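A.B. asks: Residue-level listing of the chains:
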Amino acid sequence: MAAQLSIDQSIAEQASAVGHEIYGLIERLYPICRSITGPGLRASIAMLREIVPLEVDEVPSSTQVFDWTVPPEWRISEAYVEDPGGKRIVDFSRSNLSVVSYSTPIDTVMSLDELRPHLHSLPERPDWIPFRTSYYTPNWGFCLPDRVLQSLSAGKYRVVIRSSLAPGSLTLAEHLHRGATPDEVLIFAHTCHPSLCNDNLSGVAVATYLARFLSERPTRYSYRFVFAPATIGSIAWLARHEAELSRIRYGLVLSLLGDAGPFHYKLTRKGDHEIDRALRHVLLTQQREAKVLPFSPWGYDERQFASPGINLPVGRLTRTPNGEFAQYHTSADDLGYVSPEALGESWLTCLRAMEALENNVRYLNLSPKGEPQLGRRGLYRSTGGYQNIPERQFALLWVLNQSDGQTSLLEIAERSGLSMHLLASAANDLERAGLLQAISDRATEQGGQDGDGATTPS
Amino acid sequence: MAAQLSIDQSIAEQASAVGHEIYGLIERLYPICRSITGPGLRASIAMLREIVPLEVDEVPSSTQVFDWTVPPEWRISEAYVEDPGGKRIVDFSRSNLSVVSYSTPIDTVMSLDELRPHLHSLPERPDWIPFRTSYYTPNWGFCLPDRVLQSLSAGKYRVVIRSSLAPGSLTLAEHLHRGATPDEVLIFAHTCHPSLCNDNLSGVAVATYLARFLSERPTRYSYRFVFAPATIGSIAWLARHEAELSRIRYGLVLSLLGDAGPFHYKLTRKGDHEIDRALRHVLLTQQREAKVLPFSPWGYDERQFASPGINLPVGRLTRTPNGEFAQYHTSADDLGYVSPEALGESWLTCLRAMEALENNVRYLNLSPKGEPQLGRRGLYRSTGGYQNIPERQFALLWVLNQSDGQTSLLEIAERSGLSMHLLASAANDLERAGLLQAISDRATEQGGQDGDGATTPS
Amino acid sequence: MAAQLSIDQSIAEQASAVGHEIYGLIERLYPICRSITGPGLRASIAMLREIVPLEVDEVPSSTQVFDWTVPPEWRISEAYVEDPGGKRIVDFSRSNLSVVSYSTPIDTVMSLDELRPHLHSLPERPDWIPFRTSYYTPNWGFCLPDRVLQSLSAGKYRVVIRSSLAPGSLTLAEHLHRGATPDEVLIFAHTCHPSLCNDNLSGVAVATYLARFLSERPTRYSYRFVFAPATIGSIAWLARHEAELSRIRYGLVLSLLGDAGPFHYKLTRKGDHEIDRALRHVLLTQQREAKVLPFSPWGYDERQFASPGINLPVGRLTRTPNGEFAQYHTSADDLGYVSPEALGESWLTCLRAMEALENNVRYLNLSPKGEPQLGRRGLYRSTGGYQNIPERQFALLWVLNQSDGQTSLLEIAERSGLSMHLLASAANDLERAGLLQAISDRATEQGGQDGDGATTPS
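Residue numbers (our numbering), protein chains in the order written: chain W, 1133 to 1590; chain X, 1133 to 1590; chain B, 1133 to 1590.
Careful: at least some of the hints might be erroneous.
Claimed, not checked - Simulated coverage check for chain W against chain X, where a stretch passes if three residues somewhere in it have a Cβ under 8 Å from a Cβ of chain X:
(1) 1260-1270
(2) 1367-1375
(3) 1439-1449
As the list claims (entries may be wrong) - Restricting the straight-line Cα-Cα distance to at most 25 Å, the calculated cross-link-like pairs of lysine-lysine (BS3-like) are:
(4) B/Lys1288 / B/Lys1219
(5) B/Lys1402 / W/Lys1501
(6) W/Lys1402 / X/Lys1501
(7) W/Lys1219 / W/Lys1288
(8) X/Lys1219 / X/Lys1288
(9) B/Lys1501 / X/Lys1402
(10) B/Lys1423 / B/Lys1402
(11) X/Lys1402 / X/Lys1423
(12) W/Lys1402 / W/Lys1423
Since the hints were derived computationally from the structure, they do not count as laboratory data.
Source: prediction; values computed, not measured.
Idealized CB from N, CA, C, for every residue including glycine.
Bound-form chain W, shown alone:
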C-alpha cells in the first residue's frame, strides 16, 4: 500500500492550537486592501509564502483566458467624500470596503442628488458597510453605513478617488505537495476579497495550514493548493493549466470556515462522485447538524470547475453558506465573526476528509470462505455469549465481509455507519494478520502502462 494519512487522536488534539495560528494569520491579512489584481493581493500572497512555499504566476493584463480578458491592474491610494461642511463622511483609510472595488479615479464636487447613485448602503443593517465591486464596467462608488447616508443633507460634496487602472498583472499562487502517486487533489481558495474574514481569509488561511501540515507527511495522493481571485482567477488558472487538468482526481473549494455554524458540503455537478461520498460520510458521522447541499451553478469557483468544458469534480466545504448569514459581504464579517476554535475544527475536518479519500482503497479478503477465526489471531475476545460486541470488532467483521476486491472502504463506511478512521485501522490490522490484501489501481500506481484502469492485487 502507498502511504496514507491517518488522522488519529494526537492530531485531533492539535486542532485548537492550529486554530489559533490560523486566526493569527487572518489577523495579519485582514487590514490589507485586496482586489482581483493589485498590490494588496500580491502582499497577501507574500504573507502566505512565509508559511508554505508558493509558486507565483503573474498573468499580464489583457491576457485572453477562455472567454475572458485579464483586466488592468487596480491600485488605490486614497479615497473620501467630504460633506458640505468639509467633514469626511466616507474615508478609505478607515475601511477598505468604503470604495467600490475597481472604482475609476475621480476628483470633483457634486450635489448630493448627483452623488447618491454612487453611494451604497444596507438600510436593513444601518451600521454596516456593504462590499460592492464593478470589475468589468468602468464606474466608481462608495459604500457606507446607512445611518450615515440618511444623515446627509443637501449641498456640495467633495468626491475623491485616487486610483489607477493600468496594465499590470493578476497574481496566482500555488503549492504542490507530492504524494506517492501523481493523482492530484485540488484545494482552491479565493484570495480577492478585501477586509472580510470569513469570506475568504478563513478559506485562504485554513488551506495554508493544511498545506503546511501535509508538507511533513507522506501521502497517497498529491495535493495542489491554488490561491487565486474568484472567477477571473480560477478561469485564468484553468486556462493556463488546461493541459494538466487530467491529473486532478477531484477537488475542494474552501471558504467560510471561521464561523460557528455547522458544516455544509456542496455536491459536485454529478453529485455522486467519490469526493461527494467521502465528504458526506465524514461530515454526517462527525456532526449531526452538518448538511449536504445540492449542486447549483451559483456560489464560488466550483462554478468554473463544473463548467461543461472543464468538468472537474470539485465540491465545496463551508460552514454557514453564503447567502445564509447577514454578515456576508459586509463590514460585519470581521475578526469578531470568526474564531480560532471554529477555524481549528475546520482544519481538522478537512484533514478527516483527506484521510477518508486517502484510505478509500479496495481490499481482497484472503480467507473469504466463512469468517476467519479472529480469536486465535488475538483480534476477538475469547468469552462468547454477550449481547453486544465492541465497535472495533464490528469494523473487523465489516471489512472482512465486504472485501471482495470490488468494494471500497468508503462504501463499507457508508453501509456500516462506521468511521473511515476506524475501518482503515481495522483494515491495517487485518492486513498485518495476513487476512487482507489491498487492491491497487495499476494504471495509477504502477505507471499507467496498461491504461485501462484494470485492478489487481498489489
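Mind docking chains X and B on chain W? Use the hints.
C.D. replies: Only chains X and B this time, still in chain W's reference frame:
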C-alpha cells in the same frame, strides 16, 4: 430550432375567458343522452365539430377489434316505471341516468319483488341517481334516488323501456394539428358518458378548446386529439390505427377537469417517461397540492394504451381522481359541480404541459470552459457583491452549466426547480447571443434517414 | 407449470394446532444441555428425527474446515460451587446455563477473590443467569444470578467441574425435500444453544415442522433444511458441501420465532435479491409492525453464508431480533417467553414466504392488445359504473397489464400491493382461460442443456 410553443403571461390571462367558453360547450352537451354508440354520441361529436374540424370514423357493429366485438347500436326513445297507482316513479325524460345504459326493451307489469333486482340506488346518498351500464350482458334496469326506492309499496308496477339494439355503428372522431415534425402527441377524451359533467364533458370540452388554440399556432410536435367511447372506443381506435401508432411519442388522457380539486397526474406504466417527468414538473412547480399518482391498470383509457401489446406511454391528467369524490357516476356530477374557473385553469395547465414538452430540447454550450462573460453581452448586472441574484440570471447559469449536449431542458428544470418557461426563455437569449446551440434529433427532424436516433448540432 | 405451493385459508387455519405441536417439541428439547458438540446436541437431533427423516454427518474433531478446526467434543456430568459453609450456591443440575460452555475440568478449593473472575452475572437483572461460552480458549467458569453473587462472603469455596474435552465429533443434520426442479432453497437453524427457548429451539422446531409440512406436498423448488451448531457448524457444513453450493438459489436462517414481537427480516448482503423482495412483500403486506433490517456482518449464521468466498443470498427471519430483548442469552429465555400462538404464526409466515417464492413466475399475456374482454369469460361482473371494483378483478387486471414475459409475479405484487396468494390465483384463472402463459426458465426446468438462462414460453 423547430417552432415551439411559448405560453406567456398574455395567454395565461385568457384562461378565464376560455374557461367560460368551455363551460358553455358543456352546458350544450349536458342534456344529450350519450352511450358507447348511438345518436346521442353522434350529436355530441357534431357539436364539437362546430369548434374544430373533426374526422369521423363510424365503426360498424360486429366489427372485431382486437379481443372485442363492436356491439349493436343502442337507441332509446322512452322509459318509465309506474307504481300501482299509475304514478311515474322513474322517467327517462327527466334524467337520462334513469335507465341502465344499453337496457334491452321491455313492456310489462310485475310485482315490486320481481322489479327490485332491476332497480339501482345509492342508500348513502338518498337523493342522487347512480349511473349504471350493462353493455355486454343483455339486461335492463332503472336508476333512481334511494328515497324514492324506499317509499315504494307492494303491488303491480308497469315497466316500459322503448329501446333497440340493432346493427349500426360506433362513432370515433379525431382532429390532427400538424407541427414541424411528424412525431405525435396523443390527447384522448372519452365521450360515452351521458349527463355527467366532470366525467367526462370536462375532458371532451377542454380537449376541444386545446385543439382550437393550437390550430392558430406553429408547434414542434403534431397533436392528435381523439374523441371516443371508453374502453371499446379506445380499443376500436387502436385496432384501426395499429400500423400508425409508432408515430405517437406519448399521450395524455384528459378527464375530470372541471372540479375545484387539485391536479392529479397518473403516471404511465413505466412511470419515468419524458411525459411523466414533464407533467410532474409542471404540476408541482405550479400547485403545491398537486399530486402524482402511481400507475394502475384501473381508471380510464390509459389502461388500453398501457396494455403490453400496445405499450404507449400515455399518462392521465385529472383534478380530483375518480373514486375520490362522492359525485362520481351520479346525478350530482352536474353543471353545478364544474366551474368556468376550474376549466380555464385546466386548459392553461395542459398548455403549460405542452410548452414543457415542446421545449424539452438538449443544448450545447458553445463557450463551455468556465462561465462565459455574460456582463459584456448585457446578460448580467454590472455591480457585484450582492447577497442574491435574480431568478433570470440563475436560469442563464443553469442552462450554460448543464448544456453538455446530453442534458435536456426538462432535466435542467428538475435539477434547478426553475420553470420550463423561464429556462426556455433563457435558452433563447443564450442562443441569440451565440453561446448555445440546440441539438436536434436527426432521425426525427431531418427525415429519419439515419434511423439510429443519433443526435448532432442542428 | 411445475407444481407450486398454495397456502390457502385451510392451511392458515391449521397454524394454531401446528403451533402447539411446535411448542410441545420445544418442551422436550428444553432440558437438554446442548453445546457445539457433544451428547446433548446428538440427543436433540435424534428427537427431531422422530418428526422428519434426517441425514446425520458426524464431523471428527480436528477436521480442518476452511480457516477453522473442529474442536474436541465437550462432555459434562456434574458441576457446582460450594460456599465456605458447604452450601451449593451454583449447581449444573439445576440449570445447564450455570456452567460456561466448554469449561475445562477443575476440582479445587479457592478464595472468593480467586474465584470471582470465573463468576458471570447480570447486575442489571439480578435474578437471571447469563449464558456464556469459551469454545476456543481453554477456560472454566460459572454463571449465576447477581443476587446470589452479591450475597457471597469471604472464605474458601469448593469448585468442581467434571467435564472432558476429548476427540469426538460435531453433529450436523439435514433433510432434503425434493421438488420439481433441482434448485434448492436452504433453511438453516442453529442447534447449539442449551436451555434457551427462543434462541434457538424456536427456529429448530419451526424448521422441523416446515419440513414435515412440505414432505406431503409437491413443490417447484427443492428445500434443504440444515440443523447445525452456530458458526463452527455452518462453516463445517459449507466446507463439506462446497461443491454442491451452486444448487442453492437462496436461503433463510430461522431463529427467535417464538416471542410475541413483530417479524424482522434481515436482508442478504446485496439486499435486493429475489428472497429479499419476497420476504419484504410477505411481511409488510401481512403485518404493519414488521420491519426489514439492513444487512450487517453480525448476528447468526447468515454471516457465514454472506462471506465473500461463499456469497449465497441468505436472509434471516426472526421476531424480536437479538440484542433487542432483555431475555436474550439468559435463563429468562425459557418456556414462558415463547408461545404456541407465536410459533404457529411464524410457521405460517414461513409458508407464505415459500408460497411467494414458488409462485414468482413470469407470464406472457396472450391477448396483449388492449384488455381482453373478461366479461364474456365470466371473469368480470356484468353491470358497470361502480365506484370501486373487487380486489380479485384488480388482480386480474394487474397480471394482464404487466405480463410482458419479463415481469415476475413478485414485481407485480410490489407494484400493486396485492398479495402473492391473490395474484397467483388470478394468474391461474387467466392461464385456464387461455389468456396467459407461464414463461419457464429453460436452463433450470428442462435440464439446463442451454446453460444460458434463456427463457421461453413453456
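A.B. asks: Now tell me, hint by hint, if it's right for this structure.
C.D. replies: To see whether the hints hold, each was checked on the structure:
For the segment 1260-1270 of chain W, the stated coverage by chain X holds: 8 residues have a C-beta nearer than 8 Å to a C-beta of that chain, and at least 3 were required. As drawn, the segment 1367-1375 of chain W meets chain X at 4 residues by the rule of a beta-carbon pair under 8 Å; at three or more, the given contact holds. Proximity of the segment 1439-1449 of chain W to chain X, defined as three or more residues with a beta carbon under 8 Å from a beta carbon of that chain, is established by the 5 residues found. Proposed proximity of B/Lys1288 and B/Lys1219 is supported: the alpha carbons are some 12 Å apart, at most 25 Å.
For the given pair, B/Lys1402 sits about 17 Å from W/Lys1501 by alpha-carbon distance, which is consistent with the 25 Å threshold. Of the supplied pair hints, the one linking W/Lys1402 and X/Lys1501 holds, its CA atoms being roughly 17 Å apart against a limit of 25 Å. Using a Cα cut-off of 25 Å, the hinted pair W/Lys1219 and W/Lys1288 holds, with the two alpha carbons roughly 12 Å apart. Using a Cα cut-off of 25 Å, the hinted pair X/Lys1219 and X/Lys1288 holds, with the two alpha carbons roughly 12 Å apart.
The straight-line distance between the Cα atoms of B/Lys1501 and X/Lys1402 is roughly 17 Å, inside the 25 Å bound, and the hint therefore holds. Our distance criterion of 25 Å between C-alpha atoms is met by B/Lys1423 and B/Lys1402, whose separation comes to about 17 Å. Straight-line distance between C-alpha atoms of X/Lys1402 and X/Lys1423 comes to about 17 Å, which keeps the hinted pair within the 25 Å bound. The hinted pair formed by W/Lys1402 and W/Lys1423 meets the criterion: a straight-line CA distance of about 17 Å does not exceed 25 Å.
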